[in-house]
Amino acid sequence: MNAIAELLSEEVRRYQHLYNPSMAGYKDAQMASNSWREISSNVVLAVDLCLKMWRKLRDKYVREKKAILLPFFIAFLVGRDCLLQVTPLPQLTTSSGMARRDPNDPNDPYHQTASTRPQENI
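Under UniProt numbering, the letters of the sequence shown match residues 1 to 122, in that order.
Just so you know, these hints were derived from the structure itself, not from any lab.
Hints may be right or wrong, so weigh each one.
Stated by the list, open to error - Taking lysine to aspartate or glutamate and the EDC-like style, the derived pairs with C-alpha atoms no more than 16 Å apart in a straight line are:
| # | residue 1 | residue 2 |
| --- | --- | --- |
| 1 | Lys56 | Glu6 |
| 2 | Lys52 | Glu11 |
| 3 | Lys52 | Glu6 |
| 4 | Lys60 | Glu6 |
Construct the entire structure; sequences and hints are all you get.
Structure follows, in C-alpha cells:
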C-alpha cells in the first residue's frame with residue numbers, strides 16, 4: 001500500500017460512522033459529507049478522489065478477505081456429513097406444471113394426522 005492510501009485509511013479509521021453500520025451517524029449524509037471534507041483536507045486530495053480511492057481500498061480488502069476465508073468455508077462444508085446426504089422431497093405436479101405436496105404422504109414433513117390437525121369449531 002502506498003503512503004497516500006495508508007494515510008487515507010488512517011484518516012477514515014478516525015471516522016467510524018463512515019464504515020461501521022452500528023454507529024449512530026452511519027446513515028447521516030451530512031455527517032458523512034463533513035467527515036469526507038475533513039479527511040480530504042488532511043490527505044490533501046479532492047473529496048471525490050478520496051471517496052474513489054477509499055472504495056477501491058475497501059473493495060480490495062473485501063476481495064482478499066473472501067479469498068482467504070473461502071477455502072476454510074468450503075472445507076467446513078465438505079466436512080459436514082449431513083449436508084452431503086440431503087435428499088430432495090418427492091414432488092407431484094398438477095396439470096399446470098406447478099409443484100404440490102401429497103396431503104396423504106406420511107413422509108411429508110407437513111403431513112398432519114387427525115391428532116395433529118387443528119380442530120374446527122362448528
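Any of the earlier hints contradicted here, and which numbers? none
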